[in-house]
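Protein chains in written order, with my numbering: chain A, 112 to 596; chain B, 195 to 685.
Worth flagging that the hints you see were computed from the coordinates, not collected in a lab. Some hints could be false.
In the DSS-like style, the derived pairs of lysine-lysine whose C-alpha atoms are separated by at most 30 Å in a straight line are [to be verified]:
no.	chain 1	residue 1	chain 2	residue 2
1	A	K202	B	K287
2	B	K378	B	K518
3	A	K344	B	K337
4	A	K436	B	K378
5	A	K442	B	K518
6	B	K337	A	K452
7	B	K497	A	K344
8	A	K442	B	K287
9	B	K568	B	K378
10	A	K452	B	K287
11	A	K352	A	K502
12	B	K287	A	K490
13	B	K280	A	K352
14	B	K304	A	K493
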Amino acid sequence: MLDITSLTLTDLVKSIKDKKISSEETTKAFIDRGEKSRDLNAYITEDFSNALDKARAFDQKPNFDLKLPGIPMAVKDLFCTNGVKTTAGSKILNNFIPPYESTVTQNIWNEGAILLGKLNCDEFAMGSSNETSFFGSVQSPIDKDLVPGGSSGGSASALAANLTPITIGTDTGGSIRQPASFTGTVGLKPTYGSCSRYGIVAFASSLDQAGPMSKNVKDCALLQEIISTYDEKDSTSIDFKRNAYSKELTNNIKGKKIGIPKEYTVDGMPKEIEDLWTKGIEHAKDCGAEIVEISLPHTNYALPAYYIVAPAEASSNLARYDGVKYGFRSKGENLIDMYEKTRSEGFGEEVQRRIMIGTYVLSSGYYDAYYIKAQKVRKLIKNDFDEAYKKVDAILTPSTPSAAFKIGEKTNDPVSMYLNDIFTVPVNLAGLPAISIPAGVDAKGYPLGLQIIGKAFDEQNILNIAYAMEEKIEFKNKITDWWIK
Amino acid sequence: MTKDSSEYLIERYNNVYEVVIGLEVHAQVTSNSKLFSSSSTTFGAEPNTQVSLVDAAFPGMLPVINEYCVKQAIKTGIGLKAQINKRSVFDRKNYFYADLPQGYQISQFKFPIVGEGTVILDMENGPKEVGIERLHLEQDAGKSIHDMDPQNTLVDLNRSGVALMEIVSKPDMRTPDEVSAYVKKLRSIMRYLGTCDGNMQEGSLRADVNISVRIKGSDVLGTRCEIKNVNSIKFMQMAIDYEANRQVDLIEEGKTIDQETRLFDTKKNETRSMRSKEDAHDYRYFPDPDLLPLEVTDEFIEKLKLDIPELPDEKKKRFIDKFKVSPYEATILVSDIDTAKYFEEVVAKMGKNLDIKLAVNWITGELFAVLNNKNLEISQSPISAKNLAKLINLIKNGTISGKIAKTIFELMMDGDKDPQIIVEEKGLKQESDPKALETLIDKIINDNREKAIEYKQGKEKLFGFFVGQAMKASNGKANPQLINEILKKKL
Chain A
112 MLDITSLTLT DLVKSIKDKK ISSEETTKAF IDRGEKSRDL NAYITEDFSN
162 ALDKARAFDQ KPNFDLKLPG IPMAVKDLFC TNGVKTTAGS KILNNFIPPY
212 ESTVTQNIWN EGAILLGKLN CDEFAMGSSN ETSFFGSVQS PIDKDLVPGG
262 SSGGSASALA ANLTPITIGT DTGGSIRQPA SFTGTVGLKP TYGSCSRYGI
312 VAFASSLDQA GPMSKNVKDC ALLQEIISTY DEKDSTSIDF KRNAYSKELT
362 NNIKGKKIGI PKEYTVDGMP KEIEDLWTKG IEHAKDCGAE IVEISLPHTN
412 YALPAYYIVA PAEASSNLAR YDGVKYGFRS KGENLIDMYE KTRSEGFGEE
462 VQRRIMIGTY VLSSGYYDAY YIKAQKVRKL IKNDFDEAYK KVDAILTPST
512 PSAAFKIGEK TNDPVSMYLN DIFTVPVNLA GLPAISIPAG VDAKGYPLGL
562 QIIGKAFDEQ NILNIAYAME EKIEFKNKIT DWWIK
Chain B
195 MTKDSSEYLI ERYNNVYEVV IGLEVHAQVT SNSKLFSSSS TTFGAEPNTQ
245 VSLVDAAFPG MLPVINEYCV KQAIKTGIGL KAQINKRSVF DRKNYFYADL
295 PQGYQISQFK FPIVGEGTVI LDMENGPKEV GIERLHLEQD AGKSIHDMDP
345 QNTLVDLNRS GVALMEIVSK PDMRTPDEVS AYVKKLRSIM RYLGTCDGNM
395 QEGSLRADVN ISVRIKGSDV LGTRCEIKNV NSIKFMQMAI DYEANRQVDL
445 IEEGKTIDQE TRLFDTKKNE TRSMRSKEDA HDYRYFPDPD LLPLEVTDEF
495 IEKLKLDIPE LPDEKKKRFI DKFKVSPYEA TILVSDIDTA KYFEEVVAKM
545 GKNLDIKLAV NWITGELFAV LNNKNLEISQ SPISAKNLAK LINLIKNGTI
595 SGKIAKTIFE LMMDGDKDPQ IIVEEKGLKQ ESDPKALETL IDKIINDNRE
645 KAIEYKQGKE KLFGFFVGQA MKASNGKANP QLINEILKKK L
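Taking the hints into account, I'd like the entire structure generated from these sequences.
Written out as structure tokens, the structure is:
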């Protein structure tokens, strides 16, 4: 019998188009597996019964011209979904049902896909392990008590555990690529301005970007082609010519110049990461690419700059959650008291920490020393990439400085948690596209990813490189279904 | 205060103080939709009926700039003879309040859309220049209503997100009269441009008044206080008067003035401290990452310049040159765009009989009196320019006397009646036939022989008596000029 849930998106679409399986059968299969997998805590909100209704409706009047005909999928709970609770992993939005749909999810439904439910994530996407969610931490299907990464941890876990054939996450400092790397999946952070931010709960507006998470590069290209549209409702959306990424996908990367930045060899990086990188370089060479050593001299300053810019924007973006209009409200003696109680009870510890950091760095007297300086650093980091791209077509780095860690291992050490983003953050600061592909495992058998960073708007190129390397790497995720009793 | 009305000085013992005033005027942009959303801006709608998801700051909602509001701000900048900045930046001004849904106001802090400019005030003793520091675009907040529910504050977000222009003057004003003239001039310019309706009652125009005092002759600025949100010119003048004296008293007592924000209590006619500098909000301004810097091209600005109508200063100059009206009359005629339009229409309709003096007198005299009485704007005038022109022409061509004209004017107010028709219906045509008048006068002289003799003996005052009798006998229709001539001859 066909194991529906283990199929790639591409195969699933083909099976439905060939009428081998129906949307209802497919949806049922994912729902069944979802119900058996509640121990992973991947879902915040299941919308299973609606999903089944929609699947049946699709089967009655199928449209096989669509790119995602009757395909069920779950999405990160940071995307506002019309009529379906959207929490951003926070108590403060615990009861919030948006009367509108995000542009990215709307694009997906327009191609025939069906919402299965909303996936867990770090609160307001602030975290690297999915432990800051008000709805509890998420288990990685890779191993018990292992974090799936974050903030798109529910998305990564659900995808790796075959609860959804494909999914979307958001990436502000690595929130798609790091969990993809931790769970042996593919994750793309598109160029800033490629996917509309309309209807996505904002964390840091100048860095946030939605992107696909998938089982392989081809699926990733297909979903990127669907979600990336110019949107007048987002003033930072960019009207550029978008490729038909999946159609134009090729493994021919002969002569492509791939840069290896020397600054990405960091102190204390495990040898297995270095080995992975070396192996990746060999694979790239095998594909006919030319390897060029490059320098990104300001890399060291990326993380501190990020942890000024992102909290600064977040402190302002999250001001709207004040108990006045929607969401959680605590009773107070007066307006100020209501604000204080609502926000100290409604926000978790990590969110409060970042609001405080952000408020501090924007305060008069500190603004120039922190915020302005961080913006200057950001410019220097972007210049580094611009310089490098005069010599190379793409850049290859590890996705993370280590493999996944255990739940609770880093919760008391925010700085060590922040260090997880060291290879992903510069990309967000520079607004560039980057993809993480699974490339190996560490000594414990936990997946490790490689990151390919591209020029702005050059998603096609990094997808092609990822596609070619994927063939050479032949990564197989070993998932034992340990959580299913 | 000193006697010279152009000066406003405060005297205490041996010291004479002058007052330094600068204004931050908040002018609501005339636009059908809000600055960053497509919600309507109509005044007086049911609470919370003109609120979009963006205005109410729902999660994931993003601002999109309204191009029309940008054009309006640039046009206003052109009207203020100001520098238009081709690149400006929207910042977030962060603070918490129940009627501020985003938790920040989108405004322009470091890089406003309009830079330095000038406004010319027509003061009694000549023109006075007031510098404009800047003009920037920003969102209005909603409205908190504290007196509708005993337990709760209610919030109306209809106004939330409406576009405002904050126009900041330099501290160039020295008297309450200048402040009044400045606000009126700004209002006039914006109404000419159609960029702000200037309606102070509906809150479309309100101001924060910055005041400091210093010994006259000093060129150092004193510590200023800001009086927030004053919404009428009269209150501005009252607030300045109170606040300037308060500051002078403090200095005279050897105390220091705290830089602070104050409120004007219109009932008690005093200003009260709202918050001191130490308590001032830290607004944590930073560029709004949801919006790109606003960039406009020279071409865009040049195209808007073509849309700029003749503004009050230019119009005034033209009226003086072309119609030979006095500067004082010209100032009155151009102060409001609708008055200027009315005047020009009367002039156009009068055609070849044009008598500017008569037109100005009728508009600024009779018509203004009526409008004042009935509390009407000239745009709501019960008598159209066309019919007023006709009335003036009837005087000019001798069909009616000025006195009869006043009667007709009264009758015209009932449904903007054509004066020609009134003249015919009521038989009010002036008697200008010399023969008929001679007969009439002969009879009067005959009936009053003794008085005629007294007049001839030198009691010249009696001339008026005969004129009066003639007018009475003709039911006021006799041509007064002819009556005079004939009487002089016959007596």
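Now for the hints, and whether the structure bears them out:
1. Distance restraint check for K202(A) and K287(B): the Cα-Cα separation of roughly 26 Å lies within the 30 Å cut-off, and the hinted pair is therefore satisfied.
2. Proposed proximity of K378(B) and K518(B) is supported: the alpha carbons are some 24 Å apart, at most 30 Å.
3. Simply put, K344(A) and K337(B) have alpha-carbon atoms about 26 Å apart, close enough for the 30 Å limit, and the pair holds.
4. Pair hint K436(A) plus K378(B) does not hold up; C-alpha atoms about 39 Å apart against a cutoff of 30 Å.
5. This hinted pair does not check out: K442(A) and K518(B) have alpha carbons roughly 71 Å apart, beyond 30 Å.
6. Using a Cα cut-off of 30 Å, the hinted pair K337(B) and K452(A) holds, with the two alpha carbons roughly 23 Å apart.
7. Distance restraint check for K497(B) and K344(A): the Cα-Cα separation of roughly 27 Å lies within the 30 Å cut-off, and the hinted pair is therefore satisfied.
8. Among the hinted pairs, K442(A) with K287(B) is consistent with the structure: their alpha-carbon atoms are about 27 Å apart, no more than 30 Å.
9. Proximity of K568(B) to K378(B) is assessed by CA-CA distance (about 21 Å); at most 30 Å being required, the pair is judged to hold.
10. With a CA separation close to 23 Å, the supplied pair K452(A) and K287(B) stays within the 30 Å bound.
11. Between K352(A) and K502(A) the alpha-carbon distance is near 24 Å, which keeps this suggested pair within the 30 Å criterion.
12. The suggested pairing of K287(B) with K490(A) holds, with an alpha-carbon distance near 24 Å, which does not exceed 30 Å.
13. In summary, the hint linking K280(B) to K352(A) is supported, as the alpha carbons are separated by about 28 Å, within the 30 Å threshold.
14. In summary, the hint linking K304(B) to K493(A) is supported, as the alpha carbons are separated by about 24 Å, within the 30 Å threshold.
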